[in-house]
Amino acid sequence: MHAQTWPETATTQASVLASDWALFTYAGLAVAALVWGLILFAILRWRRRPGGEAGALPPQFRTNNPLEIAWTVAPLLIVCALFVYTYRAEATVEALPPTADATVDVTAYRWGWTFAYAGGPRVDGTAAAPPQLVLPLNETTRLRLTSRDVTHSFWVPDFLFKKDAIPGQVNVFDLRPQRAGTFIGRCAQFCGLDHALMTFSVRVVPAPEYARWARGGAR
Amino acid sequence: MSAASAPVAAAASPRNDLLSWLTTTDHKRIGILYLVASLAYFAVAGALALAIRTQLAHPAGTFVGSHEYAQLFTLHGTGMIFLFVAPFAFGLANFLVPLQIGAPDMAFPRLNATSFWLFLFGGMVVFAGTATAEGGAAAGWTSYAPLSEIPVSSGLGQDLWIVGVLLVSVATILTAINVVTTVFIYRAPGMTMWRLPIFTWEMVATSLLVFMAFPTLAADLLLLFVDRHLGGHAFDPARGGSAILYQHLFWFFGHPEVYVMILPYFGVISEIVPVFSRKPIFGYTGLVLAAFAIAGLSMGVWAHHMFTTGAVNNPFFSFVSFLIAVPTGVKFFNWIGTMWRGSLTFPTPMLFAVGFLLNFLLGGVTGVMVASPPIDFHAHDSYFVVAHMHYVLGGGSLFAIFAALFFWWPKMFGYRLREGLGTWCFWLLFVGFNVTFFPMHFMGIDGMARRVYTYADAGALPLLNLIATAGSYLMLAGVLVFAWNVLLSALRHEPAGDDPWQANSLEWATSSPPPEHNFERLPPIRSERPVFDARHPELPTKR
Chain A
1 MHAQTWPETA TTQASVLASD WALFTYAGLA VAALVWGLIL FAILRWRRRP GGEAGALPPQ
61 FRTNNPLEIA WTVAPLLIVC ALFVYTYRAE ATVEALPPTA DATVDVTAYR WGWTFAYAGG
121 PRVDGTAAAP PQLVLPLNET TRLRLTSRDV THSFWVPDFL FKKDAIPGQV NVFDLRPQRA
181 GTFIGRCAQF CGLDHALMTF SVRVVPAPEY ARWARGGAR
Chain B
220 MSAASAPVAA AASPRNDLLS WLTTTDHKRI GILYLVASLA YFAVAGALAL AIRTQLAHPA
280 GTFVGSHEYA QLFTLHGTGM IFLFVAPFAF GLANFLVPLQ IGAPDMAFPR LNATSFWLFL
340 FGGMVVFAGT ATAEGGAAAG WTSYAPLSEI PVSSGLGQDL WIVGVLLVSV ATILTAINVV
400 TTVFIYRAPG MTMWRLPIFT WEMVATSLLV FMAFPTLAAD LLLLFVDRHL GGHAFDPARG
460 GSAILYQHLF WFFGHPEVYV MILPYFGVIS EIVPVFSRKP IFGYTGLVLA AFAIAGLSMG
520 VWAHHMFTTG AVNNPFFSFV SFLIAVPTGV KFFNWIGTMW RGSLTFPTPM LFAVGFLLNF
580 LLGGVTGVMV ASPPIDFHAH DSYFVVAHMH YVLGGGSLFA IFAALFFWWP KMFGYRLREG
640 LGTWCFWLLF VGFNVTFFPM HFMGIDGMAR RVYTYADAGA LPLLNLIATA GSYLMLAGVL
700 VFAWNVLLSA LRHEPAGDDP WQANSLEWAT SSPPPEHNFE RLPPIRSERP VFDARHPELP
760 TKR
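Protein chains in written order, with our numbering: chain A, 1 to 219; chain B, 220 to 762.
A portion of the hints provided could be inaccurate.
[Claimed, not checked] Derived, one-sided and incomplete: chain A residues facing chain B with beta-carbon distance under 7 Å:
#, residue
1, I39
2, L44
3, R49
4, V84
5, R88
6, K163
7, T182
8, R186
9, W213
Hints in this document: simulated from the structure, not taken from any laboratory.
The C-beta atom is built at its ideal place from N, Cα and C for all residues, glycine as well.
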């Protein structure tokens, strides 16, 4: 039941999401290392040493136009490149093909979840007995998410993905698990007293087993 | 004018009793009142943070229950954001802006006093909710509808929160009007706009942001109040309202508010780094343009708080958010350029300024990360975001606040805080801050949601949380050392003199503390650092 750690991705969408995490983490750390390095270098190199001449002023320069243009343009190019990557990653993750292999209506409420399978079982559970969402392995399941009271958020950390459940609005997204197993899911948007206990589990099973469950597993 | 006949002795030694402070319209006293009040709110909100960390030290902590925990994080966030980080900046601006531009006071002194009292009582109204039967507000500092609507949050505490935050909003708008008017109208002869100290520039940009952001917050809160008590349905989808509308209005305020809480502190850093590098600020024009670029862009990024709602154009808000990294980077390079080839010393204000640079940088990097929707799909509403925002507001703004306190204390009170205790304060806060908040990145990646009073006893979460809690007590020690420093320094001190740091801007040209009308005489203003020019007549003056 314990969440597997990133980046062993559990869905095909999560593979894309994990690559975005990796790119931004490495790019961010590279930039941070450069800037931290410059700060620490300046501190060590130009600290006034004991016995140094206190009266003498260092050079009083104020500008360097080529340098200032460079450190404006270079970050601009970097963020443009990051944007292109992030745009394509998001488009891939949020793409909705015309049909899906299964469809589930997910309704969040204080403090539980209902998973209603199209033409199949309906699973419901609250904080005291959290419900289980069963998904077929290597097939695409479409989730249609809403809330019947306040705003909640459907989050499966192993899928690196969440989507808000908002009253009066249906959010649609696909999940295509590529690893069998059981994963923890939880509400991510604060929704009152039992928000911390508003969990569910996701069980990913091979397609034949899923089909058997969907035929007879109604509760 | 009756001033000519006023007795000279009375003008030289203004009254110093309690009534004179309660009725003051002197910008310096109002500034100090703001600082004292906001630090008091910081103490309260900080105590709430310690209670939060105490509860989370163990996965199934029993220090408080779920309802108490919700009040803790709601009032912690509200206190830190609305009653400490932003008002402290306006307190500083109250004290500094007229001095930095060579003016005798703010443009509207009585309006200024009104702002302070609205802010002070607004904060008290927010906290008064804890004395009601159902307790204080418990819907988070964001107070999202429908969670904050009557069917779910029926308590009076939520109403008091709405009214209190509204009062603070009005106070903030009035102060912003005052700052902008003062800078545009009251500058001394020679103080052209392009000679303004960077702090004053940043306060102009901040005030313009306030004009655009805070009325929207007021509208959002009024709509919420109408929904709750006057039969409105603005945020009720069952009656034709929209739950997402609340978020749009809130973040249209809330993201500019982030820059209201950081631009003034960019200004603080831009004042302190040149003084202790003994060089002029590098790239003055670039710094000013960057401030306005950040302010302008920040009006177009609000929905990056809503990437997971499925209700906004994620790519647009993502791209504009990325763009903010560019002017922010410019500022960093300018501060490094200021230190470059300088003659650097590290008294407490400079220590905190360097701490700001090191911490804020990480907050900036994670800020670019969460501006990417695919990352935000995992990070949003998790402890990763908690880490990010605390690196910006705690590692950034809070460190700049301490830098400002140590730097301008001698100007405000005529004596310095102690250096030895200041160094201790810095290291306790710097180590404590990073021990507290760095592990939170990993908590979020491991799947810990924010605003939870209990969490899974699995994997690294218990250890990470225990480390964070230990760090928070180190931060407490740092704050206590600061309080001890204030006490000792107030009891025994030597006069600091007019210009103890060999500084640059006009506030250092007058006595410490300054006389009631600020300046007996002004030095010639021929650059953005007139006090430096007066100290070094042998050097050619730039501009």
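So, going through the hints one by one against the coordinates:
Of the supplied interface hints, the one on A/I39 holds, with its beta-carbon coming within about 5 Å of a beta-carbon of chain B, less than 7 Å. Interface restraint check for A/L44: the shortest CB-CB distance to chain B comes to about 9 Å, outside 7 Å, so the restraint is violated. Hint on A/R49 is violated. Least Cβ distance to chain B is approximately 10 Å, over the 7 Å limit. At a threshold of 7 Å, the smallest CB-CB gap from A/V84 to chain B is about 10 Å, leaving the interface hint violated.
The criterion of a C-beta within 7 Å of any C-beta in chain B is not met by A/R88, whose closest approach is roughly 10 Å, and the hint is violated. Taking 7 Å as the C-beta contact cut-off toward chain B, the hint placing A/K163 at the interface holds, the least distance being around 6 Å. About 13 Å separates the beta-carbon of A/T182 from the nearest beta-carbon of chain B, more than 7 Å, and the hint is not met. With a least beta-carbon distance of about 6 Å to chain B, the hint placing A/R186 at the interface is held under the 7 Å criterion.
About 25 Å separates the beta-carbon of A/W213 from the nearest beta-carbon of chain B, more than 7 Å, and the hint is not met.
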